[in-house]
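Q: Chains as they are written, first to last, in the numbering used here: chain A, 1 to 252; chain B, 253 to 603.
Derived by calculation from the structure, the hints in this document are not laboratory data.
It cannot be assumed that every hint is accurate.
[Unchecked claim] Some chain B residues near chain A, calculated using beta-carbon distances under 8 angstroms: (1) G272; (2) S279; (3) V290; (4) F292; (5) A307; (6) L308; (7) T370; (8) C423; (9) G426.
[As the list claims (entries may be wrong)] Beyond 10 angstroms from chain A on every Cβ pair, some chain B residues (computed): (10) G288; (11) T425; (12) D491.
Every residue, glycine too, gets a C-beta built ideally from N, C-alpha and C.
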Amino acid sequence: MSGDGLLVPVDSKVHRIPAQVKIVALFVFVLAVVSTPAAHFWAFALYAVLLAAAIVVAKLPLPVVSRRLAVETPFIVFALLLPFVATGPTFDVLGVQLSQSGVLGAWNVLAKGTLGVIAAILLSATTGPRELLAGLERLRLPSTLVAILSFMVRYLNVVSDDLHRMRIARESRGYVGGRAGHLKAVAGGVGALFVRSFERGERVHLAMQSRGYNGRMPLLGEVGATRAQWIEGLTISLVAVTVAVAARVVGL
Amino acid sequence: MLVAIRSQQAKNVRVHVPDGFFDAPTSIATGLIAAGAVGFSLQRANREIRETGPALAGLTAAFVFAVQMVNFPVGAGTSGHLLGGALAAALVGPWTAVLVMSTVLLVQGLLFADGGLTAIGTNITLMGLVTVLVGYFVTRALLQVLPRRTGSVVPAATVGALVSVPVAALCFTGLYAIGGAVDIPLGKLATAMVGWHILVGIGEAVITAAVLGAVVATRPDLVYAARHLQQDLVLVDADGNTSTVSPDKPIAAKPAGRSLGIGVAVTLIVAGGVSLFASAHPDGLEFVGAKLGFESAAKGSAVAGSPLADYGVSGIGNAQVSGALAGIIGVLVTIALGLAIAKVASLRKAS
Chain A
1 MSGDGLLVPV DSKVHRIPAQ VKIVALFVFV LAVVSTPAAH FWAFALYAVL LAAAIVVAKL
61 PLPVVSRRLA VETPFIVFAL LLPFVATGPT FDVLGVQLSQ SGVLGAWNVL AKGTLGVIAA
121 ILLSATTGPR ELLAGLERLR LPSTLVAILS FMVRYLNVVS DDLHRMRIAR ESRGYVGGRA
181 GHLKAVAGGV GALFVRSFER GERVHLAMQS RGYNGRMPLL GEVGATRAQW IEGLTISLVA
241 VTVAVAARVV GL
Chain B
253 MLVAIRSQQA KNVRVHVPDG FFDAPTSIAT GLIAAGAVGF SLQRANREIR ETGPALAGLT
313 AAFVFAVQMV NFPVGAGTSG HLLGGALAAA LVGPWTAVLV MSTVLLVQGL LFADGGLTAI
373 GTNITLMGLV TVLVGYFVTR ALLQVLPRRT GSVVPAATVG ALVSVPVAAL CFTGLYAIGG
433 AVDIPLGKLA TAMVGWHILV GIGEAVITAA VLGAVVATRP DLVYAARHLQ QDLVLVDADG
493 NTSTVSPDKP IAAKPAGRSL GIGVAVTLIV AGGVSLFASA HPDGLEFVGA KLGFESAAKG
553 SAVAGSPLAD YGVSGIGNAQ VSGALAGIIG VLVTIALGLA IAKVASLRKA S
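Looking at chain B on its own, in the form it has when it is part of the complex (with noise of 0.2 angstroms):
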């Protein structure tokens, strides 16, 4: 759970996972997975941060904690909050943002008793990594489609805002189906979660789109997603010859090879894994649907005959054997067809 819209005390407005909401090995593991994104974001920072120094990063962190406790008027006589992880994504970079994310987590639960202890990982798992990248990767991928200008980045980073608010949201959803103290009807979950912060993201993504519209519009070269977008500078001397001059690249990536290979042999893992107690549950969505009586009608489906249908693979007789193995040829699906969309996109850039 995120934040309220349309809260009258701005202060006690973030809300986070208690401890108790989700059982203790599902507590346990999202610490681990936060303990994970949080060492590897420290390793591909690590230059930005010796560079420009850990005081940038910390100042951004205090940045976003007060920020979240801004009311913003969002239009329908409503006031919203900003959970702030597509913006600081924008702004900062995905790496640094975890990092400033997880700070600002670890300060509220430690030094102001906001969220539980054991929940930790859970809201950083939640709030600084899926928000943050969400937020990141959509808008990246829009940079590809829109203009290339400064200004592009407002319209993504608000999709980006937009889409990350709704996600995070599924991904409680995910761990309750997974980990949760009660059973309640997924479906039912599901809907409300979402439903409820779809709302939520679009406070989110009117917010993020005014705070970065406004710091597009005095340092443009301060926001990370468009460092790439800045136009030469023509320079024109007195006699009349112009030359161009390129702004600052950007601190070039590290080659990405073992970082990689480390993150998706995590990835793998953790998807087999938790395929295991997932395939124990329905789907939220098919366990509805059979309540009321659409089972027969989802057969028909295009993919229900696809080696992968209800995320088992056919053959395999063990559900949850089958169920671990298709988790992980999904995720190998899924990061080969990121790679070949990644390809193409440089391809059409190249040419």
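Chain A extracted, bound-state conformation (with noise of 0.2 angstroms):
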């Protein structure tokens, strides 16, 4: 897993929205969504189409998105079960019992979820991590959880990758596979890698503290986002609120 987490490398209309208008916007949108009733299915078809929107204006290829949709797979099952175990009046299907409050319920998870988790792909296909980081700075999140999501971002790789190491280390004494006794082996190395990311913790804070470093990395460009810009971003979310609004209140 690299740390530029789930990135698309290309340029578009999306990818060039400041990250803080897309925080927001993501946020929105989601919210727009869970709080839409059930049962209006035309709802969430219009959802999706505007996620669809976003995706091919974002120039995302398919398999991406689909392939991450993978995350979901264990809410799927247990929105299949729902039907089975949920209460209320039933109904017979091919003469199984199923619940009507199960099944609708199934229906909402599944179709929030999913539409959750596209939206969120979204966001981190096109936002680089270090956009990321400047985007919840602006947000005002607290600047020293920042500096420590900064420090997880940037040494990700570096832990991941001495984790790596350690397992050829490993594998190459034998100790391959998952046989019990080999958990001593596995834990140990997992126990020396919290070593050494303490120590290295240690060792890169001095390192920044004696070049200067206060807590706070200095920002290299304005990231500031326009009125215009703002606008723009906030546009599938203020259409999906619309599309949430007209659902729960008008109840069209």
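Using the hints, build the complex out of the two chains.
A: Pasting the structure below:
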């Protein structure tokens, strides 16, 4: 897993929107989806169309999006179980009793979960980690938390590579596969990894302090968003909010 | 839902609550709890972070992220994955651990599209807050009774890890009772969740013990939960005179007055507010009990006549107000008990 997250490095309108706008837009969109009553099927179709349009504008290859959807699998299993365990009035399908609220609930979890994951993929595929951190800082996340986040992102590859080398070393000593006796070898490597990471953290902190680090990284270049960028970035989310309000209040 | 044992695909094993699993008010409420917890932890961990730098917490977060993908053989032909809440709490202390776990979940949600955006609050509350705090406080409580040796931290944290996972599953069920999108019998859900997560917790305990044991064997001074257990260093000079040097004292916690007050106030508000919702639903086990006809038997319970029986204050007519009051009184009693136990423990230590 690379330190760039899921970033698909192409140039598109969505890629160019400042990260803070995209984070807010994603949040508003997902909140609109979550607060839509499950029975308004047309609303979910509209949300899907909106997301599809955004994916086309962002020039994302479809396989990337669909492969990433696999994170949802455990909840699909949960959703498919719902019609059998939920209470309430039931109806017969091929001789099996299914709960009405359970079927609606399964649809609810599946539709909202899938739309949420696709929206999150849209953010992570169009925004690099450094821009994302700058965006979070612009959104007034506490600077200490941003600093922790940025160190984590920066050293993710280093620590993963450390782990990878230790695995190669362990497996070349014969500890391959998952026999129970191997736990000690695996855990020993992980314990050593913690000690290494801890010591690296201390070293990095001292080295950065002696170069004038005071807890904040200087921002290079202007990352503020103009009004036009906010409007452009929030278009899809505002349409989604309109749909949600229509579904809830008007009850179309 | 936390982590599935025995998955073939190590990379897709981190199971987070997705969007749409809880209704919007619950997601926002857990988001506020998570934000409050992170803010509180930042305040409490501030002195450590000023001294050791954010790099250390960031590196620990990267470590947890990487280790969550490791396949641990836990016996009986199965392999397990680590959640890491209790382990992180034992290694770097509870407040830094809350920050570390929240950072991991934020990066997973924003950078890797794992877990829903509106559910980030829920995920941080369950996996960043509940597992860390339960794991840590169980560990510390056991260290009071175990022999005063650095090595004692391993069995203590093992039990902490074992307990933390089913408790988080129980909290998930509680959240589901308040804001679940579908009505499913809570008793069934609680039984299934806790039953399954006891298994996951056993895996977590085995892995935590093995990893912590490895760290204690090489660098016991790095283990936060065991720092106060380090033995004095005995020095013998050329003339045979001995002198002792005590190890570095851990950074003293700030006087807890104001922040403790804020914490209590927040807890009271949450307990009162949550009880307002909770009292509308029958308790899961009671519900199952009623269905199975246990109710008459349950009436003989020893506390049935107590003023808080069935989580309502007797003598107050409105069921919801009485439920909220019961929640608040429950929190106060718990705090008083906790303080009393802490007092007794510190008296015993002093004597």
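Q: For each hint, tell me whether it holds in the structure or not.
A: Each hint, compared with the structure:
no. : hint : verdict
1   : G272 : holds (2 angstroms)
2   : S279 : holds (6 angstroms)
3   : V290 : holds (7 angstroms)
4   : F292 : violated (12 angstroms)
5   : A307 : holds (4 angstroms)
6   : L308 : holds (3 angstroms)
7   : T370 : holds (5 angstroms)
8   : C423 : violated (17 angstroms)
9   : G426 : violated (17 angstroms)
10  : G288 : holds (13 angstroms)
11  : T425 : holds (13 angstroms)
12  : D491 : holds (36 angstroms)
Of the numbered hints given earlier, the model fails hints 4, 8 and 9; all others are met.
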